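Chains as they are written, first to last, in the working numbering: chain Z, 13 to 226; chain S, 13 to 226.
FYI, nobody ran anything at the bench for these hints, they're computed from the structure.
Keep in mind that a hint or two might mislead.
[Claimed, not checked] These stretches of chain S come out as covered by chain Z in the derived footprint (C-beta under 8 Å, 3 or more residues):
(1) 32-38
(2) 91-97
(3) 151-161
(4) 169-180
(5) 218-225
[Stated by the list, open to error] Below, in silico cross-link-like pairs of lysine-lysine (BS3-like), each with a Cα-Cα straight-line distance of 30 Å or less:
(6) S:K54 to Z:K111
(7) S:K160 to S:K189
(8) Z:K40 to S:K139
(9) S:K224 to Z:K148
(10) S:K68 to Z:K224
(11) Z:K128 to S:K111
Bear in mind the structure is a predicted one, so any value in this text is a computation, not a measurement.
We treat Cβ as the ideally placed atom computed from N, Cα and C, and that holds for glycine.
Number of protein chains: 2
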Amino acid sequence: MNKKINLGKKHFSSETIKRLSLYLRNSKRLKSQGVDVISSDKLTELLNVTPEQFRKDLSCFGGFGKRGVGYNVERLIDEIESILGVNQQWDIVLVGTGKLGSALLGFEGFSQFNIKIKYAFDSDESKVGKSRGGVKIDSIKNMKRIIKSENIKIALISTPPDVAQEVASKLVDSGIKSILNFAPRILNLPEDVLVSNVDMASELESLIFFAKQK
Amino acid sequence: MNKKINLGKKHFSSETIKRLSLYLRNSKRLKSQGVDVISSDKLTELLNVTPEQFRKDLSCFGGFGKRGVGYNVERLIDEIESILGVNQQWDIVLVGTGKLGSALLGFEGFSQFNIKIKYAFDSDESKVGKSRGGVKIDSIKNMKRIIKSENIKIALISTPPDVAQEVASKLVDSGIKSILNFAPRILNLPEDVLVSNVDMASELESLIFFAKQK
Numbered sequence: 013m014n015k016k017i018n019l020g021k022k023h024f025s026s027e028t029i030k031r032l033s034l035y036l037r038n039s040k041r042l043k044s045q046g047v048d049v050i051s052s053d054k055l056t057e058l059l060n061v062t063p064e065q066f067r068k069d070l071s072c073f074g075g076f077g078k079r080g081v082g083y084n085v086e087r088l089i090d091e092i093e094s095i096l097g098v099n100q101q102w103d104i105v106l107v108g109t110g111k112l113g114s115a116l117l118g119f120e121g122f123s124q125f126n127i128k129i130k131y132a133f134d135s136d137e138s139k140v141g142k143s144r145g146g147v148k149i150d151s152i153k154n155m156k157r158i159i160k161s162e163n164i165k166i167a168l169i170s171t172p173p174d175v176a177q178e179v180a181s182k183l184v185d186s187g188i189k190s191i192l193n194f195a196p197r198i199l200n201l202p203e204d205v206l207v208s209n210v211d212m213a214s215e216l217e218s219l220i221f222f223a224k225q226k
Numbered sequence: 013m014n015k016k017i018n019l020g021k022k023h024f025s026s027e028t029i030k031r032l033s034l035y036l037r038n039s040k041r042l043k044s045q046g047v048d049v050i051s052s053d054k055l056t057e058l059l060n061v062t063p064e065q066f067r068k069d070l071s072c073f074g075g076f077g078k079r080g081v082g083y084n085v086e087r088l089i090d091e092i093e094s095i096l097g098v099n100q101q102w103d104i105v106l107v108g109t110g111k112l113g114s115a116l117l118g119f120e121g122f123s124q125f126n127i128k129i130k131y132a133f134d135s136d137e138s139k140v141g142k143s144r145g146g147v148k149i150d151s152i153k154n155m156k157r158i159i160k161s162e163n164i165k166i167a168l169i170s171t172p173p174d175v176a177q178e179v180a181s182k183l184v185d186s187g188i189k190s191i192l193n194f195a196p197r198i199l200n201l202p203e204d205v206l207v208s209n210v211d212m213a214s215e216l217e218s219l220i221f222f223a224k225q226k
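Modelling step: build the complete structure from the supplied sequences, incorporating the hints.
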């Protein structure tokens, strides 16, 4: 869960996007409770975000609430989903089908974000042709060609650390723009590629280190 | 995996600690390959960290390599484990035993960091007394007393978002110093508490948002 985000010259920050995610989650929760219209005060009170911040975030994307009237919850959901892009299906690729990669291939949580792992690649030819979580494993030799021809933009890396950089560079060469990296390795990539690092080990070690100081 | 770290007035950064985690992982890998002595160049070449950075990081903690001689791999592991605190056992608590909390209680990966979830708490009295992953669920009413008497410093939060702040504040009141928060909610806590946020949903939505811009 170690985190590094390069957002290049975009005028919105990664923190704005995280907050949009929170607004979306909260709006869905309210909708499920039968709420139709909500004030910015009510929507943000559980999020530790100020109503002002909420309105500012939405205004970055054209602002679609009416002051004093509140937000139509359903429309808010539609708009945020549309801003985030989660209203369309995203085919992604996964590289590295070891223990963690296999777990990710079996993870059912991706579908709620309209994410589908369409291709999985491995350098171990003995795995090629086998299936994990309904996805057939392809040879890494075909990776670049497939990503280009299918115009895929998002990749998960779950390789051993010593090949993660090489794999990441190849992914970027193939046209990948967003990477979620589960390998415990810091990746050096161009500024216009978004890299999120998920590293449970270093997260836990940081917690321990910090607890130890007390 | 959304990340917020407050390190208060400590003179080392959370990034230093993350790098120490990487050095530790790499040193263990080298040891398993039968390597006894390693240069800072070799140790860092797979990590995208410069040898200078490595030596600087270690020097923050008293520096224990010899220039020109290299590092004894076993000693390096011992020293980094000692710095991080992972050479001793850490009993931690978990709050919220729903779907995610139950998965965490069953997660076997904690033991490699000498982490043991010793207590799990829930506000749902119908769950109290039941076991998940070998841990008996206790009432949240007993949380403060147990954390204090057992002198526990680390907690995982896997509650629903609307109670996460309340739970976190109670944890801090009880003496908790490091929190790994899986609830999709931004926590407001004192500066001297380390909070790491793990939010797969907002991570994935950020990836999609960024891919969409291309």
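task: Compare the structure with the hints numbered earlier in the document and write down the numbers of the violated ones, lowest to highest.
output: As far as the earlier hints go, only 3 is violated by this structure.
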